[in-house]
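There are 2 protein chains.
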Amino acid sequence: MDIADWRRKIDEIDRKLVELLNQRAQAAQEIGRLKRNTKMPIYEPDRERAVFDNVRQVSQGPLPERDLTQIYERIMDVMRKIQKEEIVPQAKSRTAADTELDSDVND
Amino acid sequence: MDIADWRRKIDEIDRKLVELLNQRAQAAQEIGRLKRNTKMPIYEPDRERAVFDNVRQVSQGPLPERDLTQIYERIMDVMRKIQKEEIVPQAKSRTAADTELDSDVND
Chain A
221 MDIADWRRKI
231 DEIDRKLVEL
241 LNQRAQAAQE
251 IGRLKRNTKM
261 PIYEPDRERA
271 VFDNVRQVSQ
281 GPLPERDLTQ
291 IYERIMDVMR
301 KIQKEEIVPQ
311 AKSRTAADTE
321 LDSDVND
Chain B
221 MDIADWRRKI
231 DEIDRKLVEL
241 LNQRAQAAQE
251 IGRLKRNTKM
261 PIYEPDRERA
271 VFDNVRQVSQ
281 GPLPERDLTQ
291 IYERIMDVMR
301 KIQKEEIVPQ
311 AKSRTAADTE
321 LDSDVND
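Heads up: the protein sequence lines correspond to chains A and B, in order.
Going letter by letter, the first sequence gives residues 221 to 327 in this note's numbering.
Going letter by letter, the second sequence gives residues 221 to 327 in this note's numbering.
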């Protein structure tokens, strides 16, 4: 395979990655909706740890664990924000409640 | 579906995401190997732009474009580093050549 072939393969992989990232975002939204107006604890550190454990365990490489973790930290940042928007849909600007949620939302 | 169901779905999505990220890393390595010892230009800004265009065009949501771009910026950072390691495999410490490559490697 030459470089053009590998790039076509990357474009194909990217299409699948984008589809999965959107599916993940939808799941984060659904969890946010289920949490809305409940008394459920929002902050669940064990869940975030379980996500990272799952990701590391299933990885067969060649992506080094450190790099995979870096990518997942960004994915989790985004998903946390998406879920927060479902839990606090009225939050259009920064409020005290909003700030408090920042570090407390898991997916 | 309750929260536990959605989390099982997320774990399943994550397994597929990890597999695809590893496939993408392998493709970046292969391109790095093909570029090694050639006179091919390493810096190809059009390619990076094409990757982002592809990703945005195929996205059906609900992930906002801004968030998708943020995730992809991290993916591209990691892939650029992985490719550089293949092009300059002997680079174990920071050298002038190494520094020069930093902003010049595309996948």
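One thing to keep in mind: the hints can contain errors.
Any copy, or any two copies together, can satisfy a pair, since identical chains are not distinguished.
[Said to hold, decoys possible] With a straight-line Cα cutoff of 20 Å, these simulated EDC-like cross-link-like pairs (lysine to aspartate or glutamate) come out: (1) LYS236 with GLU264; (2) LYS236 with GLU268; (3) LYS255 with GLU239; (4) LYS229 with GLU285; (5) LYS229 with GLU239; (6) LYS236 with GLU305; (7) LYS255 with GLU285; (8) LYS255 with GLU293; (9) LYS255 with ASP273; (10) LYS255 with ASP297; (11) LYS229 with ASP297; (12) LYS301 with GLU264; (13) LYS255 with ASP287; (14) LYS236 with GLU306; (15) LYS229 with GLU306; (16) LYS255 with ASP222.
If you are wondering where the hints come from, they were derived from the structure by calculation, not from laboratory data.
Hint-by-hint comparison with the structure:
1. LYS236 with GLU264: Result: close neither inside a copy nor across copies, 29 Å intra and 24 Å inter.
2. LYS236 with GLU268: The answer is between: 18 Å across copies meets 20 Å, while 24 Å in one copy does not.
3. LYS255 with GLU239: neither (25 Å within a copy, 30 Å between copies)
4. LYS229 with GLU285: Answer is neither; intra-copy 23 Å and inter-copy 23 Å both fail.
5. LYS229 with GLU239: Both: 16 Å inside a copy, 14 Å across copies.
6. LYS236 with GLU305: Classified as neither; 25 Å inside a copy, 26 Å across copies.
7. LYS255 with GLU285: neither (32 Å within a copy, 25 Å between copies)
8. LYS255 with GLU293: Neither. Shortest intra-copy (22 Å) and inter-copy (30 Å) distances fail the 20 Å Cα cut-off.
9. LYS255 with ASP273: neither (24 Å within a copy, 35 Å between copies)
10. LYS255 with ASP297: within (18 Å within a copy, 34 Å between copies)
11. LYS229 with ASP297: So LYS229 and ASP297 pass the 20 Å test across copies only (19 Å; inside, 28 Å).
12. LYS301 with GLU264: Classified as within: same-chain Cα gap 15 Å, cross-chain 33 Å, threshold 20 Å.
13. LYS255 with ASP287: neither (31 Å within a copy, 22 Å between copies)
14. LYS236 with GLU306: Neither: 25 Å inside a copy, 25 Å across copies.
15. LYS229 with GLU306: The answer is between: 18 Å across copies meets 20 Å, while 35 Å in one copy does not.
16. LYS255 with ASP222: Only across copies: LYS255 and ASP222 sit 10 Å apart there, 49 Å inside one copy, limit 20 Å.
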